[in-house]
Amino acid sequence: MKETKILIAGAGGQGVVVVGNILSRACVIERKNVVGMVAYGAEMRGGTAYATVILSEEEIGSPFVEHPDMAIILNRPSLDKFEPDILPGGMALLNTSLTGSMLKRGDLQRIDVAATQIAHDLGNVKVANIVTIGALIEHTKLLSMASVEQGLSDLFSSKNPKLVPLNIKALRAGAEQSRYISLRPAVSTRS
Amino acid sequence: MAEAAIQAGCRFFAGYPITPQNEVPEYMSWRMPQAGGVFIQAESEVAAINMIFGASAAGARCMTSSSSPGISLKQEGISYIAAAELPCVIANMQRGGPGLGNIRASQGDYFQAVKSGGHGDYHLIVVAPATLQELYTLTMNAFDWADYYRNPVMILGDGILGQMAEPVEILPYQPILEIPEKDYILTGCRGRLSRVIKTLILDPADGLVRHNEHLQEKYKRIESEISLCEEYQTADAELVVTGFGVTGRIAKAAVRKARKKGLAVGWIRPITLWPFPKQAYQEAVRAASKMLVVEMNHGQMIEDVKLATECAVPTEFMGKGGGWYPDEKSILDKIESMIKQPAAAAKGRVS
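Those protein sequences? They're chains A and B, same order as listed.
The first sequence maps to residues 18 to 208 in my numbering.
The second sequence maps to residues 5 to 355 in my numbering.
Mixed in with the good hints, there may be bad ones.
Listed next, with one range per pair, are the computed distances between beta-carbon atoms [as the list claims (entries may be wrong)]: (1) 62(B) with 64(A): 44 to 50 Å; (2) 29(A) with 37(B): 30 to 36 Å; (3) 93(A) with 229(B): 56 to 62 Å; (4) 218(B) with 177(A): 54 to 60 Å; (5) 20(A) with 214(B): 39 to 45 Å; (6) 122(A) with 229(B): 54 to 60 Å; (7) 266(B) with 83(A): 57 to 63 Å; (8) 29(A) with 104(B): 41 to 47 Å; (9) 30(A) with 333(B): 17 to 23 Å; (10) 206(B) with 83(A): 54 to 60 Å; (11) 266(B) with 93(A): 43 to 49 Å; (12) 83(A) with 190(B): 52 to 58 Å.
Partial chain A-side listing against chain B, Cβ under 10 Å, derived [as the list claims (entries may be wrong)]: (13) 52; (14) 53; (15) 70; (16) 75; (17) 80; (18) 83; (19) 86; (20) 134.
The hints are simulated quantities; they were obtained by calculation from the structure and are not laboratory data.
A virtual CB, placed ideally from N, CA and C, is assigned to each residue, including glycine.
The following block holds chain B by itself, in its conformation from the complex:
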């Protein structure tokens, strides 16, 4: 992820150490100066995110990373950055919570990530990679989306992703979008009109109302333009299993085993969590009569799944927080127990 950021032109990184993401600032500490950029170990997470605010306002591609408790500390700054419509990339390698929690992997920050974790009515673009190759690619994409939409992008990983080693092909950076010139950045006001980046909007009286409307229009546009997910054999599936990030890949292995046993099971893994790939779920439940959501928490993404499908089919949950992770066998057992239940009776509509 750190190298992908460098490749994508990130030239400012500020962060504060926390397990399980210390490899990122460690790498940045020597790699960023090589690339001619700036690495700062900040005095706190709050300082780090505000340095990102400043670097972005000055036009740099910039990034910070942390893990759950540190991301909570950054929320005020993230809200400001979203309000000021500044691009940046924030990585959260989630650990067990709430509180200081533990240093095992968790997906307990889903709500915080996709429902605007700080104050006010805003959205981050949120991506959830499942492999290190995908993490590499999505990190590059994140910088493009951030600049293109002038919006912070969060990479929502977890302690497992932060800890595992996998082969990664270091591909050169290819922009996926045509990024307009940054005509809002503060570069020293010489020979042009002054520019102001602020988040306090008092005047005129309806200025903040209009700003919120403008933000919401942007979010609608983002929702209509970005939606990524991976699907496996959903077309004829009676049961569709879904999970994001590492949980998603573990669930896929279970689904593949179920298919080998002849069970009509499909799988969806959302890659963007906001915007949530609603359409894939809507299409899946046209054929399927049941869903199973697996998460390393006590049921967060399941709410978005139910909203996307409008609760069209019975949707069961499997998951725990605090460092628990699912294994293929227990997911497979759950799949088998769900397939054995009479599906037609459970389905609330006649096909």
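Looking at chain A on its own, in the form it has when it is part of the complex:
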């Protein structure tokens, strides 16, 4: 497996760090190499927050992600900010409840999931971030869903075990209620 770089971006409070944490834990469970980073600076309340995860079978060099293979985008300002950075041919996973489903670029694959709406229907909008993980795993098979569920349980069990069932539900709902839109084939040149 080649190295995969993931960016998770949203508003402060949408749980981007938690997404990074769960993905990282799942990597450890699968004995993959992983480096996680969070945006660390003079961040502004209500501004965009982001985290990154690099997973690889091989030794990881730079812990930085400048051009992610995949980006989980939780809100509109993050889409505006990070869409240009995604690798050509890469993947944008959109929380369409807050981003809409339009990309400016034509060279990206897309996963649409109305994460905030789904989370709202489950009874807690805070789990929208977890919904996006379910969608990512379903369509990319980057990690097994079992490892992600385990990583999630490990994380929440230490904080508040009562949260685990709802989050597992959110994960599964994300997997079921998301849609993969492949890269539009390049316009064929007439011979």
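Use these hints to put chain B onto chain A, whose structure you have.
For chain B alone, coordinates are given in the frame of chain A:
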């Protein structure tokens, strides 16, 4: 790092908050009492380092951590601790400087760390981890070296290392050295001769000269006994790339890519910065005709590389300070541009 310190028996931590190392005192604040130790949020960095002086004099395994401006404030105390030959571990998660700088990662404190940052003629043992697992292991080793040599040890990290998350296997502490009993510590003078720990040496007149000679002998011994580095494919390398800490690991990724392209490139990452692993460099330049040093500053370690190799081969530099960090691609581009230059002509000696 904080957990490794606890595992290694550190039972006294004093520090003052500064980004990007606040996770360390935060962790220590709840973990240290669990372990039966003492955590103190000091009123300043100066107070913290002097508490370390006291704790070490009383025999505790002790530690402080800070980031660049805070480490500058500690320098007086570090000099005293080095003079008094007291063991302790000091972590510096470097940030951008000079001055208050910024909170991004930097390697601008290399000189300060390896050339005795405070006054007087002393050395710290300085280690520069590149991964969190290595940080864990080196922290444990640091306590052993500190006690064994009665010398402060500095862990020189940076804001990146302080900020990233990686899997770490929590290994139990295994001493790497047989630590002699601390026969110099102040435990209350009952039933034994009194002990004095001081750094003012006025009498006899040549007392300080002799003390300095004694310290230098110790430093020579340390230099002959500790030297750690990681190497990759240096044996047949035309160009050897080197960098320490996180810069080193980024450079390695670039070197691995260069090798995949068939370029004869090798790599050295010093793990101990003082003592500097001179021999590895001396051996590398026997085969190599060029070196490239990458640092997150404007060229500090390059001086030690040139001293180690006695400028045997042309040595180029790549780096910036103030929060810049290298990416694999720009290092790879630099490697390719250097390999394309005619090497034989550049080499100052005939092989």
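Here is how each hint holds up against the structure:
For the hinted restraint 44 to 50 Å between residue 62(B) and residue 64(A), the CB-CB distance of approximately 47 Å keeps it satisfied. For the pair residue 29(A) and residue 37(B), the beta carbons lie near 31 Å from each other, so the given range of 30 to 36 Å is met. Distance hint check: the CB atoms of residue 93(A) and residue 229(B) are about 59 Å apart, consistent with the given range 56 to 62 Å. The beta-carbon spacing between residue 218(B) and residue 177(A), approximately 58 Å, falls within the hinted interval of 54 to 60 Å.
Residue 20(A) and residue 214(B) have their C-beta atoms about 57 Å apart, which leaves the hinted 39 to 45 Å range violated. At roughly 57 Å, the beta-carbon separation of residue 122(A) and residue 229(B) lies within the given 54 to 60 Å, and the hint holds. Here the CB-CB span from residue 266(B) to residue 83(A) is close to 26 Å, at odds with the stated 57 to 63 Å. Checked against the hint of 41 to 47 Å, the pair residue 29(A) and residue 104(B) fails, with Cβ atoms roughly 25 Å apart.
Distance hint check for residue 30(A) and residue 333(B): the Cβ-Cβ separation is about 34 Å, which falls outside the suggested range of 17 to 23 Å. One distance hint, 54 to 60 Å for the beta-carbon pair residue 206(B) and residue 83(A), holds here, with the actual separation near 58 Å. Separation of residue 266(B) from residue 93(A) is about 46 Å and conforms to the stated range, judged on CB atoms against 43 to 49 Å. Residue 83(A) and residue 190(B) have their C-beta atoms about 53 Å apart, which keeps the hinted 52 to 58 Å range intact.
For residue 52(A), the interface hint holds, since its Cβ comes within 10 Å of a Cβ in chain B; the closest pair sits about 5 Å apart. The interface hint given for residue 53(A) holds, since its Cβ lies 4 Å from the closest Cβ of chain B, which is under the 10 Å cut-off. Annotation: interface hint on residue 70(A) holds; nearest CB of chain B at approximately 9 Å, less than 10 Å. Checking residue 75(A) against chain B: minimum C-beta separation of about 9 Å stays under 10 Å; hint holds.
Nearest Cβ of chain B to the Cβ of residue 80(A): about 5 Å, under the 10 Å cut. The hint holds. Because the beta carbon of residue 83(A) sits about 6 Å from the nearest beta carbon in chain B, less than 10 Å, this interface hint is met. For residue 86(A), the interface hint is violated, the least distance from its beta-carbon to any beta-carbon of chain B being 15 Å, above 10 Å. Proximity of residue 134(A) to chain B is violated relative to the hint, the smallest CB-CB distance being about 31 Å (cut-off 10 Å).
Of the numbered hints stated above, those contradicted by the structure are hints 5, 7, 8, 9, 19, 20, listed in ascending order.
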